[in-house]
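Got chain A; can you put chain B on it based on the hints?
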Amino acid sequence: MKKLKLKAAVIALAVIMLTLATQSTYAYYTTTGKATNVVTTGGIDFIIHEKTDQGTEFPAEGVYIIPGDIVSKEVSVESACEHPFYLRVKLVYGVNQQELSAEDCFKLNIDETNWKLHDGWYYYAGVVQPGETTPNVFSHVEIVGSAVDNSYIGKTLTLSVLAQAVQSENNPISGTDAYTASGWPVA
Amino acid sequence: MKRIFALVLALLLLCAAVAPVYASDGNVVYNGNARKFIFAPGSPYSPTDLFPEFKGAMPGDSLVQRIEVKSAASDVTVYLRALGAHKDSAAFLSQLRLRVEMLEDGGATNLFDAAADKTAQLTDWICLGTVRSGGEVELDVILDIPVELDNQYSDQIGYLDWEFRVDELPAESPETGDTAQPALWGVTLMFSAGAISLLVSCKKRKRA
Chain A
75 MKKLKLKAAV IALAVIMLTL ATQSTYAYYT TTGKATNVVT TGGIDFIIHE
125 KTDQGTEFPA EGVYIIPGDI VSKEVSVESA CEHPFYLRVK LVYGVNQQEL
175 SAEDCFKLNI DETNWKLHDG WYYYAGVVQP GETTPNVFSH VEIVGSAVDN
225 SYIGKTLTLS VLAQAVQSEN NPISGTDAYT ASGWPVA
Chain B
110 MKRIFALVLA LLLLCAAVAP VYASDGNVVY NGNARKFIFA PGSPYSPTDL
160 FPEFKGAMPG DSLVQRIEVK SAASDVTVYL RALGAHKDSA AFLSQLRLRV
210 EMLEDGGATN LFDAAADKTA QLTDWICLGT VRSGGEVELD VILDIPVELD
260 NQYSDQIGYL DWEFRVDELP AESPETGDTA QPALWGVTLM FSAGAISLLV
310 SCKKRKRA
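So the protein sequences, as listed, match chains A and B. Note that the first sequence covers residues 75 to 261 in my numbering. Note that the second sequence covers residues 110 to 317 in my numbering.
If we strip away everything but chain B, and leave its shape as in the complex, we get:
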């Protein structure tokens, strides 16, 4: 028993050691019970900030931010669009290049490649796919700072908005045998009987 326990512990430690560790991932979690989004980790600049890796960037930097989009408690179809830079941030962010890739089995799909202040390819909603409860979609956001960036853009802060949308899929509940809708049946029968009676009486009058 002790040997089994030690083996299990060793395996757990090994898994922790080899599992990919992303120091600061952004997280988008859709809570199906509350029907709201939770954005993390946030920052002193914005409570919904998904870019912890994009701080203190220097000319010549190429930074990567991993973002995980998850669904808790619901099966959903997820969409993303960019709303662009805040007005005061446009001049600064227009100097930087932003790319967004959606990670899929064996590769990545390019969703966005433009100046960071633009909406470009994400102006309209882009479908990220269907996410089952407990599942996730992964995005990589790449920020390139030009090496020739002027001194006037040192110690700058830029804000840009993204919007996420989910459409909850209908729940596939198991058959219980009681799927009848008595009220609807009753109303329909009454309406139909009345209509048929009216038609028949009209016919009889015409014959007469």
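Pulled out of the complex, with its shape left as it was, chain A reads as follows:
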């Protein structure tokens, strides 16, 4: 038994020698790297311009008027984003006396070629492209003499322009009817 153990040990050592003689050493590198990737979404934005026929800004404090006056006021909308959109505007009339109505006090020369009335909104008959400014919705306001009587003396009549836009990308419409687009805010 002891002889067998000795022989086994000698053989084992010989095997070790042989293995070491033929063994090659393999080593390889592992490298990692991290990428921080970014996704962004776009948006829709615009600017409402109200100017006089002289190219100046319409006075924020308003103008004094008498019945029959025709006031120069050019209203247009300029794209302020990088995506095209459909556009609609609503004209809101007001007077600072609850008993009075401003609805019939103004007469506007709406550009009905480019702005189509539907459900109280004027829809632009096209798509506003990035950087583009629409044609004027109207360019002057007539103060209707028959409607603005003495009860309006000293009162303030207001004409506000409300605008809304919805993306035109991935949003088909029927013909040129922008009111058929999806995503218009619910009133």
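Take every hint as true, because none was put in to throw you off.
Lysine to aspartate or glutamate pairs mimicking DMTMM-like chemistry, simulated, CA-CA at most 25 angstroms apart:
no., chain 1, residue 1, chain 2, residue 2
1, A, Lys108, B, Glu245
2, A, Lys108, B, Glu272
3, A, Lys108, B, Asp276
4, B, Lys179, B, Glu272
5, A, Lys108, B, Asp184
6, A, Lys108, B, Glu162
7, A, Lys108, B, Glu213
8, B, Lys179, B, Asp214
9, A, Lys108, B, Glu177
10, A, Lys108, B, Asp233
11, B, Lys164, A, Glu156
12, A, Lys108, B, Glu277
13, A, Lys229, A, Asp178
14, B, Lys196, B, Asp259
15, A, Lys108, B, Asp249
16, A, Lys108, B, Glu247
17, A, Lys108, B, Asp270
18, A, Lys164, A, Glu124
19, B, Lys164, A, Glu206
20, A, Lys229, A, Glu135
21, A, Lys108, B, Asp197
22, B, Lys164, B, Asp253
Just so you know, the hints here were simulated from the structure itself, not pulled from any lab data.
Same frame as chain A, but now just chain B:
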């Protein structure tokens, strides 16, 4: 000679005209000499940004980003895993669907299909294959923006991290005839001789 030159020029121009042009590919290059990754093109949001095509996305968009993974100067096995969205980006990116496909001869292998904030099928390392020096692996990343995406997600920025790993393959150098390791031989012989002597002396003592 002039005719040959003109012909060569015409062929070069033709190749340029018909070669597939990807406006903004992402590039991952492993530099084996420096043992580091280079990510391009980057963006103002992140210097390692691989998604130049995923900017200004709008509801209803389905955008495709091609990414090329290359090795320079080394043969490597390439792996990929997703680390998920940054904490502040999770709510936004969870609204979007992201898919990753690895392009292979005649088809594509789906690697990932989940919300963009998740790690999902790329939670663990996925092997993209072996890339020889100068070779590449191509990935297509598809981003789907739901058409009903709410207005609150307009003009948003979302960050998500990917990690790449390479294992450099052993270099197969040509035989030079000098592969001996003298030092190792010497140590082994000495050890073996000592062990054998010890065993033999032990045996003799026992006989005695």
